[in-house]
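Engineer: Each chain, letter by letter, is given below.
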Amino acid sequence: MTLGMPSIPLTVLVLIGVGSPVLLLAVLGVASVVNRPLPERWTGPLAASSMALACAALFVALTVYGITSAGTQLLSYGTWSTSHDGGIAIEFLVDRLSLAFAALSTVIAGVVSAFSNRYLHREAGYNRYFVLLALFVVGMLLVALAGNVAVLFIGWELVGLSSALLVAFFHERPAAVANAFRVISVYRISDAALLSAAVLLRHVAGTGSLALLFGGGAASPTALTTTNATIIALLLIVAVACKSALLPFSSWLPRAMEGPTPSSAVYYGSLSIHAGCFLLLRAAPLLEQAPAARLLAGMLGAVTALFAAITTRVQSDVKSSLAYASLTQVGLIVVEIAIGWYTIAFIHLAGHACFRLLQFLSAPNVLHDLHGLEEAMTDHSAADRGMVTVLTSDRARRRLFLIALERGFLDSTLDRVVVEPFNRSARLFARLDEWLCGAVLTSRRPAGVDGADRDE
Amino acid sequence: MNDARLWLAGLVALPGLVILVSFLRVEVEPLRRLAVTSAIAMLLAALIITVSPTLREFSMRTSAFTSMSGGEAVVRVDTLSAALLPFAAGLWLLTVAVTPRASLDRRGLRRTALATLITLASFLTESAVVLLVLSLVSVWTFLSALEDPAHRYQRRVVAVYLGVSTLLFAAGVALLVGPGVRNTARETVAMWCIGIAALMRKGIVPFHAWVPEVFDYGRLGPAILFNAPQVGAYMTLVLIVPRASPDMLRLIALLALGTAVYGAALALIQTSARRACGYLFMSQSALVMAGLDCTSVTALAGGLLVWLSAGLAFAGLARCVLVLEARRGRLDLTTYHGGYERMPVLAISFLAMGLACTGFPGTLGFVGEELLVDGAVDVFPVMGFAVVIASALTGLAVLRMYFSLFCGRPEVRAHPSLRLGLRPREAWTFVALVTALIGLGLLPRPLVDSRFDASEEILRVRQERVSSRLLSTDLRNGIRPQR
Chain A
1 MTLGMPSIPL TVLVLIGVGS PVLLLAVLGV ASVVNRPLPE RWTGPLAASS
51 MALACAALFV ALTVYGITSA GTQLLSYGTW STSHDGGIAI EFLVDRLSLA
101 FAALSTVIAG VVSAFSNRYL HREAGYNRYF VLLALFVVGM LLVALAGNVA
151 VLFIGWELVG LSSALLVAFF HERPAAVANA FRVISVYRIS DAALLSAAVL
201 LRHVAGTGSL ALLFGGGAAS PTALTTTNAT IIALLLIVAV ACKSALLPFS
251 SWLPRAMEGP TPSSAVYYGS LSIHAGCFLL LRAAPLLEQA PAARLLAGML
301 GAVTALFAAI TTRVQSDVKS SLAYASLTQV GLIVVEIAIG WYTIAFIHLA
351 GHACFRLLQF LSAPNVLHDL HGLEEAMTDH SAADRGMVTV LTSDRARRRL
401 FLIALERGFL DSTLDRVVVE PFNRSARLFA RLDEWLCGAV LTSRRPAGVD
451 GADRDE
Chain B
1 MNDARLWLAG LVALPGLVIL VSFLRVEVEP LRRLAVTSAI AMLLAALIIT
51 VSPTLREFSM RTSAFTSMSG GEAVVRVDTL SAALLPFAAG LWLLTVAVTP
101 RASLDRRGLR RTALATLITL ASFLTESAVV LLVLSLVSVW TFLSALEDPA
151 HRYQRRVVAV YLGVSTLLFA AGVALLVGPG VRNTARETVA MWCIGIAALM
201 RKGIVPFHAW VPEVFDYGRL GPAILFNAPQ VGAYMTLVLI VPRASPDMLR
251 LIALLALGTA VYGAALALIQ TSARRACGYL FMSQSALVMA GLDCTSVTAL
301 AGGLLVWLSA GLAFAGLARC VLVLEARRGR LDLTTYHGGY ERMPVLAISF
351 LAMGLACTGF PGTLGFVGEE LLVDGAVDVF PVMGFAVVIA SALTGLAVLR
401 MYFSLFCGRP EVRAHPSLRL GLRPREAWTF VALVTALIGL GLLPRPLVDS
451 RFDASEEILR VRQERVSSRL LSTDLRNGIR PQR
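Residue numbers (the working numbering), protein chains in the order written: chain A, 1 to 456; chain B, 1 to 483.
Think of the hints as simulated: they come from the structure by calculation, not from any bench. Heads up, some of the hints might be wrong.
To be verified - Each pair of labels, with its calculated beta carbon distance range:
1) B:Pro-246 - A:Ser-425: 29 to 35 Å
2) A:Arg-431 - B:Asp-247: 52 to 58 Å
3) B:Asp-105 - A:Arg-424: 42 to 48 Å
4) B:Thr-271 - A:Ala-396: 42 to 48 Å
5) B:Pro-53 - A:Pro-248: 28 to 34 Å
6) B:Ser-245 - A:Ser-69: 54 to 60 Å
7) B:Ala-9 - A:Ser-425: 51 to 57 Å
As the list claims (entries may be wrong) - Not close to chain A: a few residues of chain B, all C-beta gaps over 10 Å, as computed:
8) Ala-4
9) Ala-9
10) Val-12
11) Phe-23
12) Ala-41
13) Leu-47
14) Arg-61
15) Val-129
16) Ala-174
17) Val-177
18) Met-191
19) Pro-212
20) Pro-242
21) Met-248
22) Ala-265
23) Gly-338
Predicted model, so just to flag it, every value in this text is computed and none were measured. The beta carbon of each residue, even a glycine, is placed where N, CA and C say it ideally should be.
Given only the sequences and the hints, what does the whole structure look like? Please build it.
Structural biologist: See the structure below:
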């Protein structure tokens, strides 16, 4: 694959596509910071028109790209941070895949934006919701179109932060806040893994260009040794596993359902959960260079799909059930990517994103109409029960049920293996610090000193 | 008005005026208004010096304390210090504008003005002797803020750590001044003395225990004003970086990186908001130190940028904690305090400043950390990974604090008649700080370019010294330079 000359119409259209949500974010964000939120009658139409403009621009860009068939293009908008070497270049890597995913993102975000306008009518956090939605759309577009590691990382972080803050949208509920913290904890692992891959890429290849990972241009992953390619690919897989809730990081997914339904739809039904798959799809040339990592990705996908398919059957609320159903498909998409069926994987991704969006958005209406439907959702057909009964013994079924009910014991395992040892050792060091002060003075801090006194 | 001396005199006179007036029988509120006005004027004057090429090329040199040919600059404004002047003024403005009325008396206002004056004077000199004198006064000012009996223990902790630091600094300076020191073993010993002094002052592991103690049980306001400008980093930059051996710089950078991860990890598990602030400060200031001790132009520029962004963001974050404490008392992180609806500006500012601390995209910190990683990755790859881990942990610590301090439903609800929201003065100060951090993060080019120029200049000076050292070593070994 070689990089073609960037065409001017494409450059302008992509700029409009990304710039429109950025402008929306700026307007809503500034109003929020100065505590003068725009009234609902302005926010809704503003968000809808911004998404519509972005969507139109990106679809036209996709059409122009299809007509001109210019090959992968690196659209450069200059160096942003400095005129010296080492500045962050604003670059978008444009091809059929990136433009299609960006366009899909704006379509879904537009639908959710229009839906949310009514769904969150007179909600206290209405304005906050749209600020975070705009932040998310900007992040998704940057992930989709990123031409270098810095831009990709910016997008990745924006998606993560907006996701966690939307999980904590009803922030007076302690459970929502605690779950948001869980979600962001896993996302930070994802961010760290992605950034580590970037650091390693820069160290071994001397560049942060994604053309090297994604196979665009003269530079290609073959420029990396197999060991380096494998390590970078493994780090990317960790980042993807955290973002897309693959095993063993799946436990945050049901916790993320605390947010408002439209945000659950756009994040965990359609876009955010597929961001990892998209990244894996983009990095397919790198995976081809690293067969061990590819195999691992495939296995992760398959195990996740199986686990999610079982778990979704015993969930007692519709959103968790849908979330695990999404995860099943995400696992399958990862398997498709690992096998090398890239086109099928993207079609699967796009179709599933739209279908699940519809399911999530219609879930509240269904629940509103039929109280108690949640229970009915878990009452699966007799055919299902029959198949499971045939395949498993009573004891195995009971164990399977317990595992599914406890969501694979992932939360408690994570607590036991990671969180508790971390807390224990950090507390030990904290006590050591206090002891150091006492040892220096050979005395103890007087009791009852609380420090909250007159300060300047 | 092109005389830099006039502008510098004006800068120094403004906090001086506040100190003088504080000795008169003036009410606290008018004195605060004077302090706020002076801080704004100082900020504007400092910004004019920063952007004016003619004003930022000024130096007053003397040979009184050094054997260097041409002497050393006792007072100077150059590319490095030009951006530090508005930084010092901004920290003063933040302090006097948002400190709660009940918490600030005349002595406090005097102390803040004096601390600002010392910081400003420190940033304007490259003389080791002058820096030593200023360091002594600065430590004394900080100790005087802890003189009440309730803080006796913390005062002793600070006195021990900073006392040893100052003694080492004095020993280093004593070894450094005098003829024929350059490129000798005496200079190396002096460097180690000053290096350890700087590490103690900045709270780098293993010399760090005083920092969380003072933040937690001492007085947070003076602790912020003493630590946020990071004079220890300035000492390192002016005295150590040009002279120290690569091995020494690498050791300092490794200690700093360890501290960055250590501070971030411990901030994450704290139950006290103040102590968490202390560890966050340790982590952030260590990142600055790591960048400064990396001999790459890009990493050094990143370090200089993180210095400004983390300093401002951290000071703002800690001030938010103080503002909340004034309304709620001591803040415990094991519970949810709620209050987003009452103080949305404070909540958003807290989050924005916390994210700026962690180098989140869209803030000035992001550009700094990006440059730090980018520049260090070739010469010092471990730095890249350490920055990544520290940044991830710091981000979690900040979000945990945000969730605890502003989310959830408070157990005890205040009576609706109580006005617990922000005062306009506080709100506008926080909004201005957030605007500065995000604005400079979105349009960072002039500031980043100036940091690149400063780091190139610093490394040029270092290169000259290293070349002369190699030359003198060769001469000692009997090798004559080839013509």
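Engineer: Each of the hints needs a verdict: does it hold here or not?
Structural biologist: Structure-based check of each hint:
1. B:Pro-246 - A:Ser-425: 29 to 35 Å: Once the Cβ atoms are compared, 33 Å apart, the range 29 to 35 Å for A:Ser-425 and B:Pro-246 holds.
2. A:Arg-431 - B:Asp-247: 52 to 58 Å: violated (33 Å)
3. B:Asp-105 - A:Arg-424: 42 to 48 Å: This hint holds: roughly 43 Å between Cβ atoms.
4. B:Thr-271 - A:Ala-396: 42 to 48 Å: Given range 42 to 48 Å: holds, Cβ gap about 44 Å.
5. B:Pro-53 - A:Pro-248: 28 to 34 Å: violated (57 Å)
6. B:Ser-245 - A:Ser-69: 54 to 60 Å: Hint holds: Cβ distance 59 Å, inside 54 to 60 Å.
7. B:Ala-9 - A:Ser-425: 51 to 57 Å: holds (53 Å)
8. Ala-4: holds (26 Å)
9. Ala-9: holds (26 Å)
10. Val-12: holds (21 Å)
11. Phe-23: holds (17 Å)
12. Ala-41: Holds: least Cβ distance 20 Å, greater than 10 Å.
13. Leu-47: At roughly 20 Å from the nearest Cβ of chain A, B:Leu-47 sits farther out than 10 Å, so the non-interface label holds.
14. Arg-61: holds (29 Å)
15. Val-129: At about 29 Å from chain A, B:Val-129 clears the 10 Å cut-off, so the statement holds.
16. Ala-174: About 25 Å separates B:Ala-174 from the closest Cβ of chain A, which puts it past 10 Å; holds.
17. Val-177: Holds: least Cβ distance 30 Å, greater than 10 Å.
18. Met-191: holds (25 Å)
19. Pro-212: Incorrect as stated: the minimum Cβ-Cβ distance to chain A is 6 Å, not above 10 Å.
20. Pro-242: holds (21 Å)
21. Met-248: holds (24 Å)
22. Ala-265: violated (5 Å)
23. Gly-338: violated (7 Å)
When the structure is compared with the earlier hints, violations turn up for hints 2, 5, 19, 22, 23 and for no others.
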